[in-house]
Amino acid sequence: MTLTEKILARASGRPRVEPGDNVWVETDILLTHDVCGPGSIGVFKREFGQDAKVWDPAKIVIIPDHYIFTSDRLSNRNVDILRDFAKEQGLPYFYDVIDDPNGSWKFNTEAGQIKRQYGARYQGVCHAALPKLGHARPGEVLFGTDSHTCMAGAFGEFASGIGNTDAGFILGTGKLLVKVPETMRFYLEGEMPPGVMAKDVILWVIGDIGFDGATYRAMQWEGPGVNSLDMDDRMTIANMAIEAGGKNGIFPADKATHTYVSERTNLNGTKTDYNPVELDKDQKLIFDKVYDLSKLEPTVAMHPNPGNRALAKELEKVKLDRAYIGSCTGGKASDFVAFAKVVRGRHVKIDTYGVPATSDVVQELKATRWDTQSVWDVLVDAGVTMTENASCAACLGGPPDTFARLNAPLTCISATNRNFPGRMGSKEAKVYLASPYTVAASALTGHVTDPREFLS
Amino acid sequence: MAKVITSPVYVVGDNIDTDQIIPAQYLTLVPTIPEEYKKLGSYAMVGLPDELYPTRFMAEGSTEAEYKIVIAGKNFGCGSSREHAPIALGAAGVEAVVAESYARIFFRNSVATGELYPYESRERLIDICRTGDIATLDFDTDTLTVGNQTFSLKPIGDVRPVIEAGGIFNYARQSGMIPSKA
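As they're listed, the protein sequences go chains A and B. The numbers in the first sequence follow my numbering, run straight up by one, and end at 456. The numbers in the second sequence follow my numbering, run straight up by one, and end at 1182.
Derived by calculation from the structure, the hints in this document are not laboratory data. Even glycine gets a Cβ: it sits at the ideal position worked out from N, Cα and C. One should not assume that every hint holds.
Unchecked claim - Which chain B residues stay away from chain A? Per the calculated CB distances, all over 12 Å, these: (1) Ile1005; (2) Ser1007; (3) Gln1020; (4) Glu1051; (5) Pro1054; (6) Thr1063; (7) Glu1123; (8) Thr1136; (9) Gly1147; (10) Ile1168; (11) Lys1181.
As the list claims (entries may be wrong) - Just some of the chain A residues that point at chain B, by a computed CB distance under 7 Å: (12) Gly42; (13) Val43; (14) Ser71; (15) Leu74; (16) Ser75; (17) Asp146; (18) Ser147; (19) Gly161; (20) Thr165; (21) Gly210; (22) Tyr216; (23) Asp273; (24) Pro276; (25) Leu396.
As the list claims (entries may be wrong) - Examples of chain B residues toward chain A, derived with CB under 7 Å: (26) Gly1013; (27) Asp1017; (28) Asp1019; (29) Gln1025; (30) Leu1027; (31) Thr1028; (32) Val1030; (33) Pro1031; (34) Pro1034; (35) Pro1049; (36) Asn1075; (37) Gly1079; (38) Ile1105; (39) Thr1113.
Make the full structure from the sequences, and use the hints.
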């Protein structure tokens, strides 16, 4: 069996499963946030009763992250709905925006978008925060009310996005009916050359199979090339399985995985024991292809979809209005460090915005010093408008006052994961997806730029 | 029980993603709150580019679309997992989508909520039908008739009773999978 089949077999109490089988699986973690949490809670209450109790409070993780730093009344209210539910149900893993468990959230417009407006427990983008908080473990089943839930497949678990109704069902029962997907294998060899990042790997592969090329399927990453990818790299790749239509993306757990997971579970006091699945020799695969990482070059997904592939060096004529770095896939500390390497001692030519994925990233960038300067200050000095308010922000547009939202028909290069029309705001805007290196180099020149010329 | 719907159709292209069906700025609305459910319907398909879709899905100032059937190309509903997408269409009065193929989560959410029937076509109907054409969708024969042409659709099978029941919860109760509401 493949990794996905092994996990789903165990979670459904069967010795074996085959692709196409419909099985009821037990959920290890249900993840939700401020956009889909209130609706999922609404479904749960409607169907199981106003006084119903969730199936297991310790298995529910609620991380508000989408529409937080906005004056939109309904958005602020939605955070309060989450808080009320967490209190009523006694949920230990609700990472509130504010510290007062009896308070209510209201964004202070006058204090502005740049300075921190959150309390001690607030995290930021749920997919980046979930593993950091010790809620991602190899061999487990994670469902989340967000399509990028598949990011946790980096840790050797089955992780997949679901809707509110399915989440409401899980809240009450802990179970979900799942069709076992066929598995596609992406066998990686070699190491990424200088100037190439994990983002280039996944953009290359999606361009290869098409952005519906993995619909209903599992994307399994294997091979010696995987060893050269750190956990952040694997997260970037697993995150974008959905951009090929995939049900999940999954990496085998190795030493790097176990080190990361045990550190994080111990740190936050979450469950430390888990049972990983190992690779089988006999796997039935619907697709199997070898990719040599050393042959890859900086890659871009052009407007209007993540499969519309070109090389950065082929797009030098594309003029840009804006550059953006942030999101689950592109807002990690390592992404900002890569970006800073390119822009250090230089100045951006177009409006450039940076939104750290999590509050930890803000701290890390401020604490990491290059000579006398923090990485944060390197970015600010280069002209990047950085906000301390970690969140999904303009990656998915959001309410009109969202930080860095594309409110006009601009052309933007972005380290995020999706570029359908209207994704970052205006439906007339054009978004080009690229690695933090490529976004940084393009910010310096004002057109799409291969970053290697700035990295020598 | 025979089930047939006749309605003008609204025709869209390939890869209509969830941002075009319901732009992210409207996800502040919570679908289980009745007045917000209705509001979601009023924004259905508002993300479709104006120049490609000069005939808008929702007439100005209206909260219900005149189209009960949407005809689409490949990969309908790709992108986000937002259940607001099938809900917005359902709240706008859409009863069925007939597409060449679907993104996984959209298909699943359509069934789980019971908001609409996600039919798959065998032909590329978007090259044959025009917005405003009157079509008849027959659920018993799994066919779509437009003018004098009848197209056989892929049978919707096990999904039909779930949607007819009004989604997975009602279906699970009717079939005894979960206990009835107290």
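Cross-check of the supplied hints:
1. Ile1005: holds (23 Å)
2. Ser1007: Non-interface label stands for Ser1007 of chain B: nearest chain A Cβ at 25 Å, farther than 12 Å.
3. Gln1020: violated (6 Å)
4. Glu1051: violated (9 Å)
5. Pro1054: Answer for Pro1054 of chain B: holds, closest chain A Cβ roughly 14 Å.
6. Thr1063: Per Cβ check, Thr1063 of chain B is outside 12 Å of chain A; nearest 18 Å; holds.
7. Glu1123: For Glu1123 of chain B, whose nearest Cβ neighbour in chain A is about 19 Å away, the distance exceeds 12 Å, so it holds.
8. Thr1136: Holds, since 29 Å exceeds 12 Å.
9. Gly1147: Correct as stated: the minimum Cβ-Cβ distance to chain A is 30 Å, above 12 Å.
10. Ile1168: Per Cβ check, Ile1168 of chain B is inside 12 Å of chain A; nearest 6 Å; violated.
11. Lys1181: Given that some Cβ of chain A is not farther than 12 Å from that of Lys1181 of chain B, nearest at about 7 Å, it is violated.
12. Gly42: holds (3 Å)
13. Val43: holds (6 Å)
14. Ser71: For Ser71 of chain A, the interface hint is violated, since the closest Cβ of chain B sits about 12 Å away, which is over 7 Å.
15. Leu74: holds (4 Å)
16. Ser75: holds (5 Å)
17. Asp146: Given a least distance of 6 Å, the restraint on Asp146 of chain A holds.
18. Ser147: holds (4 Å)
19. Gly161: Holds, because the Cβ-Cβ distance from Gly161 of chain A to chain B comes to roughly 4 Å (cut-off 7 Å).
20. Thr165: Holds, about 4 Å.
21. Gly210: Given a least distance of 9 Å, the restraint on Gly210 of chain A is violated.
22. Tyr216: Constraint on Tyr216 of chain A satisfied, holds at 5 Å.
23. Asp273: Violated. Min distance 29 Å.
24. Pro276: Given a least distance of 26 Å, the restraint on Pro276 of chain A is violated.
25. Leu396: holds (4 Å)
26. Gly1013: violated (11 Å)
27. Asp1017: At 4 Å from the nearest chain A Cβ, Asp1017 of chain B passes the 7 Å test, so the hint holds.
28. Asp1019: Holds. Min distance 5 Å.
29. Gln1025: holds (5 Å)
30. Leu1027: Cβ of Leu1027 of chain B sits 5 Å from chain A, so the hint holds.
31. Thr1028: holds (4 Å)
32. Val1030: Holds, about 4 Å.
33. Pro1031: With Cβ-Cβ at 5 Å, under 7 Å, it holds.
34. Pro1034: Check failed: Cβ of Pro1034 of chain B comes no nearer than 10 Å to chain A, outside 7 Å.
35. Pro1049: holds (6 Å)
36. Asn1075: holds (4 Å)
37. Gly1079: holds (6 Å)
38. Ile1105: holds (6 Å)
39. Thr1113: holds (5 Å)
Checked against the numbered hints above, the structure violates hints 3, 4, 10, 11, 14, 21, 23, 24, 26, 34; every other hint is satisfied.
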